[in-house]
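Mind the numbering: the sequence shown is residues 1 to 693 in this note's numbering, read in order.
Derived by calculation from the structure, the hints in this document are not laboratory data. Using N, Cα and C, we set each Cβ at its ideal position, and we do this for glycine too. No false leads were slipped in.
Just the calculated beta-carbon pair ranges, DEER-fashion:
| # | residue 1 | residue 2 | range |
| --- | --- | --- | --- |
| 1 | 607 | 446 | 25 to 33 Å |
| 2 | 612 | 267 | 40 to 48 Å |
| 3 | 22 | 266 | 53 to 61 Å |
| 4 | 529 | 599 | 21 to 29 Å |
| 5 | 504 | 407 | 14 to 22 Å |
| 6 | 181 | 100 | 23 to 31 Å |
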Amino acid sequence: MRRYEDGGSVWPAECSRLAALDLSSLSGPESVEVMRLAFAVSNWASSMFQRAMYEACRAEEGTTVRRELDRHSGLEAAAAFGWSTTMADRRLALAADLIERLPLVAAAMADGAVEPRKARVFSEVCQDMTEEHLRATCEQVLPEVQSLPVAALGARLVEVATALDSGWSDGRLARALHEARVTHGLNPSGSADLCGRDLAPDDAIRARAHLDALTVAVYRSIRRSGGAPPRRPFIRARVFCRLVDGSLTGLDDAVVIETVAAELLAETDDGHPDDGSGPFPDDDPGPYCPPPDDAPPDGGVPEGPPPDGSVPHDDSGPGSDDSGPPPNDAPPDAPDDDSGPGSDDASGPDGSPSDGSVPDGSDSAAPPVRPDDLDGGLPDPRPPEVFGSRLRQGIVEIRLRLTTLLGLDDLPGTAPTWGALGAAQARALALARPGGEWRMVLCDDDGRPVNVLLLRRRPANAPRHRRDGRDSTAIVELAVRTGDLIALDLADDDPFAALVREAQAALPGLPTLDDPEHPANSRADAHRRRPGAELRRWLCVRDRWCIGPACQGPAATAEIDHTRDWAHTGPTVAANNGVPCGAHHRAKSDRRWKLDQPQPGHFSWTSPAGVGYVTRARRVINPLPGPLVRGRTGARPTTARADFGRDPDDLRSPAPRPGRPPGRQRDHTRAYLLRSRGSPLHPVGTGPDDPPL
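Could you put the whole structure together from the sequences, leaning on the hints where they help?
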């Protein structure tokens, strides 16, 4: 961006140029270019406003000397703009934080590259950091800021900051968990919000997955009864309310499903407005509790496909013979061509099934619930039999590096739609799901996928899987460079030895990227409309997220789509398929957006305005800085194999974990502005009377 020209800012001149334009006379590409210019100018103007507010709230009559900010400083802005004192304090606290503690972010905002919402993410995420830690984090992430949506920016900041100092992540989580709470409030429309905040990640992820499973079961129950089910988000909200308001206390899942379905059927029969006729008949249109505007709809369950493990495949559109996604009224355990984790053709490296089973001789089915199974009057947590099969859970995907699972480093993991996880969290979440699909993604030195290997073995310290459905639709993805896997040498009594040796033994038989048998080149499914499990798995690993521009919908629950439609002789091969979310799939199918795949994993989108956008296959192993090394000259990220965290020549013993850096202090600016009012520190911009920045 152009920040300075001849010693002064160019943005005032750009404002004058924008004001003189006749916007209605511009072509499509020109309109987009002017939109980008106006966006940069607005960011500069927001930066100027923050600086002006910071100076005005510290000004004294008759002098240009500024006083220190205190509990009354925000009253100046509140009086000038008709704001509440709470809102004024929050806006002033953000401005002070950017100017005093985050000058690099403030400079990027004045440069037009960072909008206020992303600046606020920096302010909220980068709390309790030392000066060196903060500077290293900002220097690493700021060059990427324009390519990251707001939700992805927050996850990237956490990922980089945790890689630099795992102690920061652990302390941050511990302090946040002590603030766990349920909040509520009324919206201007008269509706209400009820949100759990600062929950333990494992509890929140498990609860959301179970809620998704109940939602799908209720939806299908209504369909089987001949009714028109409401939108899935509406059903999810009703199930949530009924579970917590006490009306279903003591009932198992089967009765909960039956009761909620009957309630919604009665409302539909009575002409309830939520009959699926709204603008999002089956989609998840809104955020919850609330994530950024560009977060995946409803926290990550993509628009269209049910969150029960099935992966719809649809090339509908003019001239298409596609019948659409698999029917939603199929029983929860009905097999289909794209049944997700645990499908019939998903087999391990030795041909054994990868349906979550563990070769330990465990029973093939969970025993029935008996009275002595109850503990303290609480029902057994195992899902009951529903519609002839166990209640399927929503997909839970955990991504981490193999070296992190082994304890060789403390690099962060990821839970798609949730964000970055600390190393300890990622390990715990993975080990708690031994019945899911465990896949190892082998990468080249650049961190890009080369092979996907299904694992039959599980760590010896993982809980014994009872095949009760609690984690059968989980996906645990372990990423590792092929050379690092070969170098691993674990002792016989190591709990991960069997898993690692299974992967090492499979290496000689794996095809290379240029092999015709590799999923990237194979034509085994070219004659089929839907890809087989091996090709589908490769597409999800290759594309990682929705292939739409800047979209963060997870691939595991996205839709498989042909770039050139099957009805127009498009083959089912990796070079002609991708994983768009429902919104981008519909945009392409409606012929409003045009899509091309010039090379496998590289997608070229053309908008209705005629502007091109390119998305490329993403790395599985993203570059990360090494832990901060502290010495007399201050902290600096390590440079040797920074994203691995240690010397790859020594992979047989855990790396020492960096200690908590001394001198960590809470940011004083927000503390003294808000502590004086006796209220806890809330994120900037979440108050009921706080308009967008």
